[in-house]
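All chains, please: the whole structure from these sequences, using the hints.
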Amino acid sequence: MDGGNTSAVSEFVFLGLTSLWKMQLLLLVFSSVLYVASMTGNILIVFSVTTDPHLHSPMYFLLASLSFIDLGACSVTSPKMIYDLFRKHKVISFGGCITQIFFIHVIGGVEMVLLIAMAFDRYVAICKPLHYQTIMSPKLCILFLAASWALGVSHSLFQLAFIVNLPFCGPNVLDSFYCDLPRLLRLACRDTYRLQFMVTVNSGFICVGSFFILVISYIFILFTVWKHSSAGSSKALTTLSAHITVVLLFFGPTMFVYTWPHPNSQMDKFLAIFDAVLTPFLNPVIYTFRNKDMKAVMKRVCKQLVIYRKIS
Numbered sequence: 001m002d003g004g005n006t007s008a009v010s011e012f013v014f015l016g017l018t019s020l021w022k023m024q025l026l027l028l029v030f031s032s033v034l035y036v037a038s039m040t041g042n043i044l045i046v047f048s049v050t051t052d053p054h055l056h057s058p059m060y061f062l063l064a065s066l067s068f069i070d071l072g073a074c075s076v077t078s079p080k081m082i083y084d085l086f087r088k089h090k091v092i093s094f095g096g097c098i099t100q101i102f103f104i105h106v107i108g109g110v111e112m113v114l115l116i117a118m119a120f121d122r123y124v125a126i127c128k129p130l131h132y133q134t135i136m137s138p139k140l141c142i143l144f145l146a147a148s149w150a151l152g153v154s155h156s157l158f159q160l161a162f163i164v165n166l167p168f169c170g171p172n173v174l175d176s177f178y179c180d181l182p183r184l185l186r187l188a189c190r191d192t193y194r195l196q197f198m199v200t201v202n203s204g205f206i207c208v209g210s211f212f213i214l215v216i217s218y219i220f221i222l223f224t225v226w227k228h229s230s231a232g233s234s235k236a237l238t239t240l241s242a243h244i245t246v247v248l249l250f251f252g253p254t255m256f257v258y259t260w261p262h263p264n265s266q267m268d269k270f271l272a273i274f275d276a277v278l279t280p281f282l283n284p285v286i287y288t289f290r291n292k293d294m295k296a297v298m299k300r301v302c303k304q305l306v307i308y309r310k311i312s
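Per UniProt numbering, numbering through the sequence shown is continuous, rising by one, with the last residue being 312.
If you are wondering where the hints come from, they were derived from the structure by calculation, not from laboratory data. The beta-carbon is built from N, C-alpha and C at its ideal position, and this holds for glycine as well. A couple of the hints might just be wrong.
The calculated label-pair distances, taken between Cβ atoms and stated as ranges, are [stated by the list, open to error]:
id, residue 1, residue 2, range
1, F256, L157, 18 to 26 Å
2, V91, T51, 40 to 48 Å
3, V173, V215, 36 to 44 Å
4, S137, G204, 27 to 35 Å
5, S154, E11, 26 to 34 Å
6, T224, T134, 12 to 20 Å
7, T51, V173, 44 to 52 Å
8, T40, D293, 17 to 25 Å
Straight-line C-alpha distance at most 30 Å; calculated DSBU-like pairs for lysine-lysine [to be verified]:
id, residue 1, residue 2
9, K295, K139
10, K128, K139
11, K295, K88
12, K22, K88
13, K227, K80
Shown next, in the form of structure tokens:
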């Protein structure tokens with residue numbers, strides 16, 4: 001028994017993604033390539049923003065923070081999923097399952113607040129350009145980052161409070177490739193309908209509320225941009241389109257998983273793969289290909305790394 005839990009279940013068994021060999025091979029190649037690409041892209045963004053003085057601005061600080069949390073997002077479930085693809089007996093310990101749930105919700109909470117902070121940054125830059133440096137001060141950026149981690153950790157602990165004292169006496173099979181809270185609650189030995197409802201309300205409210213705040217913010221910003229058609233507005237639209245794309249990629253799967261009343265296993269698995277593997281890969285791609293400054297700095301960093309490797 002783990003962590004003082006009175007459960008008779010010490011591990012959970014995953015059914016995984018598929019039992020078809022060809023599909024497993026395809027998923028192995030697809031997931032491995034995207035995982036390596038995600039890690040490389042996000043590390044490169046964090047390194048570029050940290051080392052290059054031209055990128056020491058609020059927008060790039062928040063972007064580097066998002067890339068850092070994306071490193072966690074693609075590492076919480078992807079390595080275990082890739083490792084399990086060709087394992088017949090896919091298991092995770094009770095403690096490992098709780099840890100996975102904890103970090104999934106911490107990362108989700110942090111990312112939501114960071115996306116709101118990035119929307120606020122673009123609002124100030126476009127709607128109040130003369131006051132940008134005053135409003136988006138280093139102190140406010142640090143405050144945004146601290147608030148994101150505080151919300152992420154508190155939200156995750158609140159979610160875990162629902163399950164740490166629940167009895168699990170079997171069955172212990174999860175029709176998934178990772179531990180998620182709604183499915184785990186259904187395996188408890190007592191009626192958890194109210195707990196499932198509270199989890200859905202808690203996660204759903206935060207997710208849907210954050211999404212609508214972002215939608216309203218970007219509608220207001222787009223309206224302001226369209227009123228001032230110029231070269232600068234065109235550049236602003238390019239930046240905004242990247243932000244809006246990332247918001248849709250993040251919130252789309254999350255809202256479906258935590259607000260849909262009758263979840264479908266296959267749809268959940270597809271969205272989970274999308275959220276765990278594809279989104280952390282697309283985030284750096286979207287932000288770098290839509291940003292000339294970022295592309296220039298990353299090319300310079302890559303050249304420096306190549307030269308350093310040759311010298312050493």
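Tested hints:
Roughly 24 Å separates the CB atoms of F256 and L157, a value that falls within the hinted 18 to 26 Å. A hinted range of 40 to 48 Å for the beta carbons of V91 and T51 is consistent with their spacing of about 42 Å. Between V173 and V215, the C-beta spacing of about 38 Å keeps the proposed range 36 to 44 Å intact. In this structure the hint that S137 and G204 lie 27 to 35 Å apart at CB holds, the actual value being about 34 Å.
A hinted range of 26 to 34 Å for the beta carbons of S154 and E11 is consistent with their spacing of about 28 Å. Here the CB-CB span from T224 to T134 is close to 19 Å, well matched to the stated 12 to 20 Å. The hinted window of 44 to 52 Å between T51 and V173 holds, with their beta carbons roughly 47 Å apart. Restraint check, T40 to D293: a C-beta distance of roughly 20 Å satisfies the suggested window 17 to 25 Å.
Proximity of K295 to K139 is assessed by CA-CA distance (about 27 Å); at most 30 Å being required, the pair is judged to hold. Under the criterion of a C-alpha separation no larger than 30 Å, the hint pairing K128 with K139 is consistent with the structure, at around 18 Å. Restraint check for K295 and K88: the C-alpha separation of about 43 Å exceeds 30 Å, so the hint is violated. Among the hinted pairs, K22 with K88 is consistent with the structure: their alpha-carbon atoms are about 15 Å apart, no more than 30 Å.
Straight-line distance between C-alpha atoms of K227 and K80 comes to about 49 Å, which puts the hinted pair past the 30 Å bound.
Checked against the numbered hints above, the structure breaks hints 11 and 13 and satisfies the rest.
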